[in-house]
Structures are given as structure tokens and as C-alpha cells.
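Let the sequences and hints guide you as you build the complete structure.
With the working numbering, letter number 45 in the sequence shown gets 45, and the count goes up by one each step, no holes.
These are computed hints drawn from the structure, not numbers from a lab.
Take the hints with a grain of salt, since some may be wrong.
What the hints assert, rightly or not - With a Cα cut of at most 25 Å, we get these calculated SDA-like pairs of lysine to any residue: (1) Lys-130 with Ser-181; (2) Lys-42 with Asn-70; (3) Lys-130 with Ala-192; (4) Lys-130 with Thr-212; (5) Lys-161 with Thr-214; (6) Lys-86 with Ser-136; (7) Lys-225 with Ser-174; (8) Lys-176 with Asp-145; (9) Lys-130 with Ile-186; (10) Lys-161 with Asn-200; (11) Lys-161 with Arg-50.
As the list claims (entries may be wrong) - Okay, the calculated beta carbon distance ranges per label pair: (12) Leu-77 with Glu-55: 23 to 31 Å; (13) Pro-34 with Gly-229: 51 to 59 Å; (14) Asn-67 with Asp-113: 15 to 23 Å; (15) Glu-98 with Lys-75: 15 to 23 Å; (16) Phe-48 with Asp-122: 16 to 24 Å; (17) Lys-75 with Gly-125: 20 to 28 Å; (18) Arg-87 with Lys-159: 30 to 38 Å; (19) Ile-221 with Val-157: 23 to 31 Å; (20) Asn-233 with Arg-87: 40 to 48 Å; (21) Lys-75 with Thr-30: 16 to 24 Å.
Positions of the beta carbon are idealized from the N, C-alpha and C atoms, including for glycine.
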Amino acid sequence: MKFLFPRIIIACFLLLTSCARINTGRTDGTFFYPLESFTGVKVGDDVFTRIYVQEGEPGIEITCDQNIRNHLYGKILNGVLHFGVKRGVVLGASVDMEVRIYTESLCYLEVADNTPVGIHGDVSGNLEIKLTGHSSVRCNSIDLDTLIMDAVGGGAVLKGKARKAVINCSSGASVKDFTLSIEDLIIRMSGASRAEFTVNNTINADLRGGSTFTYRGDAYIQSEKLSGGSVLNKE
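Here's what the structure looks like:
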């Protein structure tokens with residue numbers, strides 16, 4: 001385990017290596033922290049987060065009030081950047097904070113606690129996404145060999161293409177965008193979840209608990225299991 005923050009207390013507790021302040025002319029500030037390379041991100045605590053997949057120095061850029069910085073944590077564990085609010089701290093509704101994460105590649109994303117995440121840049125290769133607690137993710141440019149998604153009560157809007165996708169939706173999850181084109185899809189849904197994709201080759205679907213999957217494209221349905229009033233539609 002590598003901690004991003006030093007084990008000494010200096011003024012505001014949250015200090016990463018080589019902290020540089022960027023003047024903004026506001027009462028709060030923007031702080032950039034260079035990091036070692038990582039390929040995964042885990043965020044939560046209702047902190048609005050943007051992830052930029054691009055060439056250059058990896059790191060975190062945080063815009064927030066000085067008082068908020070006292071209560072943030074971060075660490076890299078097995079190539080995954082963990083970032084959020086320290087345990088026992090609840091941010092009030094008036095708190096304004098934005099986090100921008102920079103990495104050259106992204107293959108794992110875990111989002112929790114009603115947190116919205118936007119992914120900017122081109123994401124390629126393999127990508128695994130886990131969503132819980134009504135969190136959400138949006139990405140406008142993916143070109144994947146394999147997409148694996150597990151959405152528990154969360155939502156996702158993904159644009160681009162995936163040659164293979166394995167998608168699990170439960171607890172009212174919503175994963176919907178016909179501009180995501182998939183060749184071969186395995187989809188399991190329950191708990192009145194909703195999904196919409198374009199599928200071009202094969203579909204294996206297991207839909208339960210009043211869930212609805214709607215697809216476009218000329219895919220062949222290899223297997224279809226429906227229960228609890230679930231529906232498989234072709235638009």
C-alpha cells in the first residue's frame with residue numbers, strides 16, 4: 001500500500017507530495033498533486049469528479065475550501081487510486097468541491113455514495129465499472145475490447161463501442177444509451193432496472209423483477225430468460 005499523503009501533520013493535514021497551489025482569485029483554491037502511475041479509480045462521498053484520460057503527468061487536482069482539505073484522504077493500492085472524505089465526516093449541502101483526476105489509461109472504475117463521475121478522453125482496451133448507491137458515470141468516447149459493468153442502483157451513459165460486454169444491473173439501475181454499440185452482449189437484470197444499447201451480433205439475456213432491456217441492431221438472441229414481468233424489446 002502506498003499512501004499519497006505524508007504521515008506528518010502540517011497545517012491542514014491533507015498534504016500530498018509536491019503540492020503546488022494555483023491561484024484562482026477565490027476564497028478557496030485549486031491544488032494539484034502529482035502521483036505515480038495508476039490505471040484504476042475508486043471515488044465516493046458525493047464528490048463531483050472528472051477523470052481525464054490523456055498523456056501527461058498523472059495526478060489529482062482539487063478545487064475546494066481550505067477547511068474541506070482537512071478531511072480528505074487518498075492512497076494508491078494495487079494500481080487503483082482511492083479518493084474521498086475521511087470516515088466520520090459528512091459534508092454539508094453548501095459544500096462546493098470539484099475533483100479532477102488525470103491518468104494515461106483507465107481500466108477500472110468504482111463509484112459509490114451518490115457520486116457523479118464524468119470521463120473525458122478516449123478509453124480503450126478493457127474497462128470494468130462498478131456503481132453503487134445511486135452513483136452515476138458518463139463517458140462520451142469508448143473503444144473497448146471488453147466492458148464489464150456491475151450497476152447496483154446506479155446509472156451510466158456510455159457512448160462508443162465494445163466488442164464484448166458483460167453487464168449486471170440491479171436495484172433499479174439505469175444504463176441507457178443507444179449510441180453504445182456492442183457486438184456480443186451478456187446482460188443480467190433485476191429489481192426493475194432499465195437498459196438500452198445497440199447490439200450487432202449476439203445477446204444472452206436474463207431479466208428478472210420487472211426489468212426492461214431495449215435494443216437496436218440485428219443481434220441474434222442466443223438465450224432469453226424472462227421472469228417477474230420483465231421485458232426484452234427490439235426497437
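Hint check:
At roughly 20 Å between alpha-carbon atoms, Lys-130 and Ser-181 fall within 25 Å of each other, so this suggested pair holds. For a cut-off of 25 Å, the pair hint linking Lys-42 to Asn-70 stands: about 20 Å separates their Cα positions. About 18 Å separates the Cα atoms of Lys-130 and Ala-192, which keeps this hinted pair within 25 Å; it holds. Distance hint between Lys-130 and Thr-212 is fulfilled; the C-alpha atoms sit about 20 Å from each other, no more than 25 Å.
Among the hinted pairs, Lys-161 with Thr-214 is consistent with the structure: their alpha-carbon atoms are about 17 Å apart, no more than 25 Å. For the hint linking Lys-86 to Ser-136, the alpha-carbon distance of about 21 Å falls within 25 Å, and the restraint holds. Distance restraint check for Lys-225 and Ser-174: the Cα-Cα separation of roughly 19 Å lies within the 25 Å cut-off, and the hinted pair is therefore satisfied. In summary, the hint linking Lys-176 to Asp-145 is supported, as the alpha carbons are separated by about 19 Å, within the 25 Å threshold.
Distance restraint check for Lys-130 and Ile-186: the Cα-Cα separation of roughly 16 Å lies within the 25 Å cut-off, and the hinted pair is therefore satisfied. Straight-line distance between C-alpha atoms of Lys-161 and Asn-200 comes to about 11 Å, which keeps the hinted pair within the 25 Å bound. For the hint pairing Lys-161 with Arg-50, the CA-to-CA distance comes to about 21 Å; that is within 25 Å, so the pair holds. Here the CB-CB span from Leu-77 to Glu-55 is close to 24 Å, well matched to the stated 23 to 31 Å.
For Pro-34 and Gly-229, the hinted distance range of 51 to 59 Å is satisfied, since their beta carbons lie about 52 Å from each other. Checking the proposed 15 to 23 Å range against Asn-67 and Asp-113 shows it holds: the Cβ atoms sit about 20 Å from each other. For Glu-98 paired with Lys-75, a C-beta distance near 20 Å keeps the hint of 15 to 23 Å intact. The hint said 16 to 24 Å for the Cβ distance between Phe-48 and Asp-122, and at roughly 22 Å that hint holds.
For Lys-75 paired with Gly-125, a C-beta distance near 24 Å keeps the hint of 20 to 28 Å intact. Separated by about 35 Å at the C-beta atoms, Arg-87 and Lys-159 satisfy the suggested range of 30 to 38 Å. Ile-221 and Val-157 have their C-beta atoms about 24 Å apart, which keeps the hinted 23 to 31 Å range intact. Roughly 44 Å separates the CB atoms of Asn-233 and Arg-87, a value that falls within the hinted 40 to 48 Å.
Look at Lys-75 against Thr-30: about 21 Å separates their beta carbons, and that is inside 16 to 24 Å.
Hint check: no violations occur; every hint is consistent with the structure.
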